[in-house]
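2 protein chains.
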Amino acid sequence: MVVAEVKIELKKGVADPEGMNTKKTLKLLGWDVDKVETGKLFEIDLGDNISKEEAKKEVEEMCKKLLANPVIQTYDISIID
Amino acid sequence: MVVAEVKIELKKGVADPEGMNTKKTLKLLGWDVDKVETGKLFEIDLGDNISKEEAKKEVEEMCKKLLANPVIQTYDISIID
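Respectively, the protein sequence lines represent chains D and V.
Position 9 (the first sequence) corresponds to 28 in this note's numbering; numbering is contiguous.
Position 11 (the second sequence) corresponds to 30 in this note's numbering; numbering is contiguous.
Rather than coming from a laboratory, the hints here were simulated on the basis of the structure.
Just so you know, not all the hints are guaranteed correct.
Below, in silico cross-link-like pairs of lysine-lysine (DSS-like), each with a Cα-Cα straight-line distance of 27 Å or less [claimed, not checked]:
no.	chain 1	residue 1	chain 2	residue 2
1	V	K59	V	K46
2	V	K83	D	K26
3	D	K26	D	K83
4	V	K46	D	K71
5	V	K42	D	K76
6	D	K26	V	K71
7	V	K26	V	K71
8	D	K76	V	K46
9	V	K76	V	K31
10	V	K76	D	K43
11	D	K54	D	K30
12	D	K42	V	K46
13	D	K59	D	K83
14	V	K26	D	K71
15	V	K26	D	K30
16	D	K75	V	K76
17	D	K43	V	K71
18	V	K54	D	K83
19	V	K75	V	K26
20	V	K71	D	K31
21	V	K31	V	K54
22	V	K46	D	K84
23	D	K76	V	K26
24	V	K31	D	K26
25	V	K54	D	K43
Computed list of chain D residues with no C-beta within reach of chain V, every gap over 10 Å [said to hold, decoys possible]:
no.	residue
26	K31
27	G32
28	P36
29	M39
30	L48
31	G58
32	K59
33	L60
34	K71
35	E72
36	K84
37	V90
38	T93
39	I96
40	S97
In this text, a Cβ means the ideal position worked out from N, Cα and C, and glycines have one as well.
With these hints in hand, go ahead and build the complete structure from the sequences.
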């Protein structure tokens, strides 16, 4: 079983209102926080009939075509299994 | 600078419609995918005046009080800086 973990994050300079509001709320709750950034996580199970190298290439294609918006987001793929 | 990365994932058995639809779409696009699970990512910058151990404890409190819903979600904290 090959499982890929994909982290999708906003590029530097792209507004992250959810992160800003989370920071504001953490501060209201009493914590000293400098910055909060949010992102998305995908765990993709690619089955058994694929090598780790092929899996990484396929998931990169998935990111480009569906999972991430290359204009505002970056993606980071790790094969975890 | 101490930065914590928090992964929020749905507990096993909790429906993940976004994951199911992502899987469906990836299959429509021609990829052989067994399962897709989605999650959220927070990167929290806690500044310089805190140790890694304290940071981990604080972020755990943040997860319990704000970032995660313990009824349906699990959280995983790693100190990355």
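Going through the hints against the structure:
Pair hint K59 (chain V) plus K46 (chain V) holds up; C-alpha atoms about 23 Å apart against a cutoff of 27 Å. This hinted pair checks out: K83 (chain V) and K26 (chain D) have alpha carbons roughly 22 Å apart, not beyond 27 Å. With a C-alpha separation of about 13 Å, the suggested pairing of K26 (chain D) with K83 (chain D) holds against the 27 Å cut-off. Proximity of K46 (chain V) to K71 (chain D) is assessed by CA-CA distance (about 19 Å); at most 27 Å being required, the pair is judged to hold.
Using a Cα cut-off of 27 Å, the hinted pair K42 (chain V) and K76 (chain D) holds, with the two alpha carbons roughly 17 Å apart. Restraint check for K26 (chain D) and K71 (chain V): satisfied, since their Cα atoms lie roughly 23 Å apart, inside the 27 Å limit. With a C-alpha separation of about 17 Å, the suggested pairing of K26 (chain V) with K71 (chain V) holds against the 27 Å cut-off. For the given pair, K76 (chain D) sits about 16 Å from K46 (chain V) by alpha-carbon distance, which is consistent with the 27 Å threshold.
Distance check on the hinted pair: K76 (chain V) and K31 (chain V) sit about 25 Å apart at the alpha-carbon level, within 27 Å; holds. The straight-line distance between the Cα atoms of K76 (chain V) and K43 (chain D) is roughly 20 Å, inside the 27 Å bound, and the hint therefore holds. A hinted pair counts as satisfied when its Cα atoms are at most 27 Å apart, and K54 (chain D) with K30 (chain D) qualifies at roughly 15 Å. For the suggested pair K42 (chain D) and K46 (chain V), the alpha carbons sit about 37 Å apart, so the restraint of at most 27 Å is broken.
Taken as a hint, the K59 (chain D) and K83 (chain D) pair is honoured in the structure, with Cα atoms around 15 Å apart against an allowance of 27 Å. For the hint pairing K26 (chain V) with K71 (chain D), the CA-to-CA distance comes to about 23 Å; that is within 27 Å, so the pair holds. The suggested pairing of K26 (chain V) with K30 (chain D) holds, with an alpha-carbon distance near 19 Å, which does not exceed 27 Å. Only pairs whose Cα atoms come within 27 Å are accepted, and K75 (chain D) paired with K76 (chain V) is rejected, the gap being roughly 34 Å.
At most 27 Å may separate the alpha-carbon atoms for a hinted pair to count; K43 (chain D) and K71 (chain V) meet this at roughly 22 Å. For the suggested pair K54 (chain V) and K83 (chain D), the alpha carbons sit about 19 Å apart, so the restraint of at most 27 Å is met. For the hint pairing K75 (chain V) with K26 (chain V), the CA-to-CA distance comes to about 13 Å; that is within 27 Å, so the pair holds. Only pairs whose Cα atoms come within 27 Å are accepted, and K71 (chain V) paired with K31 (chain D) is accepted, the gap being roughly 25 Å.
Using a Cα cut-off of 27 Å, the hinted pair K31 (chain V) and K54 (chain V) holds, with the two alpha carbons roughly 13 Å apart. For the proposed pair K46 (chain V) and K84 (chain D), the alpha carbon gap of about 13 Å is at most 27 Å, so the pair holds. Of the pairs offered as hints, the one joining K76 (chain D) and K26 (chain V) holds, with about 24 Å between alpha carbons and a cut-off of 27 Å not exceeded. For the suggested pair K31 (chain V) and K26 (chain D), the alpha carbons sit about 20 Å apart, so the restraint of at most 27 Å is met.
Straight-line distance between C-alpha atoms of K54 (chain V) and K43 (chain D) comes to about 35 Å, which puts the hinted pair past the 27 Å bound. The Cβ of K31 (chain D) lies farther than 10 Å from every Cβ of chain V, with a closest approach of about 12 Å, so its non-interface assignment holds. Every beta carbon of chain V lies more than 10 Å from that of G32 (chain D), the smallest distance being close to 15 Å; the non-interface claim holds. Listed as a non-interface residue, P36 (chain D) keeps its Cβ farther than 10 Å from every Cβ of chain V; the least gap is roughly 14 Å.
For M39 (chain D), the non-interface assignment is confirmed: its Cβ lies about 12 Å from the closest Cβ of chain V, beyond the 10 Å cut-off. Not every C-beta of chain V lies more than 10 Å from that of L48 (chain D), the closest at about 6 Å, which undercuts listing it as non-interface. For G58 (chain D), the shortest C-beta to C-beta distance to chain V comes to about 4 Å, within the 10 Å cut-off, and the non-interface label is violated. Against chain V, the non-interface label of K59 (chain D) is violated: not every CB pair exceeds 10 Å, the least being about 6 Å.
Under the 10 Å C-beta cut-off, the non-interface status given to L60 (chain D) relative to chain V is violated; the minimum distance is some 4 Å. With a minimum CB-CB distance of about 15 Å to chain V, K71 (chain D) clears the 10 Å threshold, and the non-interface call stands. With a least beta-carbon separation of about 16 Å from chain V, E72 (chain D) lies farther than 10 Å from that chain, consistent with its non-interface assignment. With a least CB separation of 6 Å from chain V, K84 (chain D) falls inside the 10 Å interface cut-off, contrary to its annotation.
Distance check on V90 (chain D): its Cβ is at least 19 Å (rounded) from any Cβ of chain V, clearing the 10 Å threshold; non-interface status holds. Look at T93 (chain D): its CB is around 12 Å from the nearest CB on chain V, clear of 10 Å, so calling it non-interface holds up. At the 10 Å boundary, the C-beta of I96 (chain D) stays outside the reach of chain V, the nearest C-beta of that chain being 14 Å off. Residue-level check passed: S97 (chain D) sits 12 Å from the nearest beta carbon of chain V, beyond 10 Å.
Of the numbered hints stated above, those contradicted by the structure are hints 12, 16, 25, 30, 31, 32, 33, 36, listed in ascending order.
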